[in-house]
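Colleague: Sequence:
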Amino acid sequence: MPRVLVTGAGRGIGLEFARQYAAEGWEVVATVREPAKAPELAALGVTVEGLDMRDFGALEAFPERLGGEPLDLFIANAGISRAKWIRSREDAEAWQEVHGVNSVAPTLLAELLLPLVEATGGRMAAISSRMGSIDDSSGGYIGYRASKAALNAAWRALALGWRERPVTLVLLHPGWVRTDMGGPQAPLPVGASVAGMRRVIAGFPRSESGAFVDYQGEPVPW
Numbered sequence: 021m022p023r024v025l026v027t028g029a030g031r032g033i034g035l036e037f038a039r040q041y042a043a044e045g046w047e048v049v050a051t052v053r054e055p056a057k058a059p060e061l062a063a064l065g066v067t068v069e070g071l072d073m074r075d076f077g078a079l080e081a082f083p084e085r086l087g088g089e090p091l092d093l094f095i096a097n098a099g100i101s102r103a104k105w106i107r108s109r110e111d112a113e114a115w116q117e118v119h120g121v122n123s124v125a126p127t128l129l130a131e132l133l134l135p136l137v138e139a140t141g142g143r144m145a146a147i148s149s150r151m152g153s154i155d156d157s158s159g160g161y162i163g164y165r166a167s168k169a170a171l172n173a174a175w176r177a178l179a180l181g182w183r184e185r186p187v188t189l190v191l192l193h194p195g196w197v198r199t200d201m202g203g204p205q206a207p208l209p210v211g212a213s214v215a216g217m218r219r220v221i222a223g224f225p226r227s228e229s230g231a232f233v234d235y236q237g238e239p240v241p242w
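Here our numbering = 1-based position in the sequence shown + 20.
Incorrect hints may have been included.
DEER-style ranges, computed between Cβ atoms [to be verified]:
1) Gln236 - Glu80: 31 to 37 Å
2) Ala56 - Glu117: 19 to 25 Å
3) Glu131 - Met21: 37 to 43 Å
4) Asp200 - Gly70: 29 to 35 Å
5) Ser158 - Gly70: 33 to 39 Å
6) Glu117 - Gly211: 25 to 31 Å
Hints in this document: simulated from the structure, not taken from any laboratory. Idealized CB from N, CA, C, for every residue including glycine.
Input sequences plus hints: build the corresponding full structure.
Modeller: What follows is the structure, encoded as structure tokens:
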């Protein structure tokens, strides 16, 4: 039975990843900050682990909680959106938190989980955003945008450094998805986005490790 770890699985995209993989018979380990507040996730019958992505010490200890069992797939999904503008000390502190959760934490966890994923010749996928592209012209959301650009750069560097290792990385733009973060006006249902990303992950070529693509597999400019 293949095994997947999904972070930030309490709602939205992360919850849908857990739902779809569980429905196909995968062993799913799903993390949330507060498991007691994730009843939909618990109802899926998956393994739910409490993990705060702001706590780097907890991240460092997390692989031990997986019991040394190999992973076929790691999906770095957890993320937050704050600091739309940087106009005050409070904004700057919010930006630091967003950067820690959205870029530092998933990169640290990727490094820590490498032996488990490498054992299966598996894959790692990070949920990024087109807003992290320097080519994007929508503006605003400075903290979130900068954190996703940093995530892209960090995971691209991981992929280059791991060229001789049996692990494949991909950065994914999920589209504008109808979730709590995306809002009710978003055109793309979460189920369609996740189904598309799962197809991309499953078929992503090793030779393209570290690339940035959307949920349909189309390249996204850096």
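Colleague: All hints, please: hold or fail.
Modeller: Hints versus structure:
no.: 1; hint: Gln236 - Glu80: 31 to 37 Å; verdict: holds, 36 Å
no.: 2; hint: Ala56 - Glu117: 19 to 25 Å; verdict: holds, 22 Å
no.: 3; hint: Glu131 - Met21: 37 to 43 Å; verdict: violated, 26 Å
no.: 4; hint: Asp200 - Gly70: 29 to 35 Å; verdict: violated, 20 Å
no.: 5; hint: Ser158 - Gly70: 33 to 39 Å; verdict: holds, 34 Å
no.: 6; hint: Glu117 - Gly211: 25 to 31 Å; verdict: holds, 30 Å
Hint compliance for this structure: hints 3, 4 are broken, all remaining hints hold.
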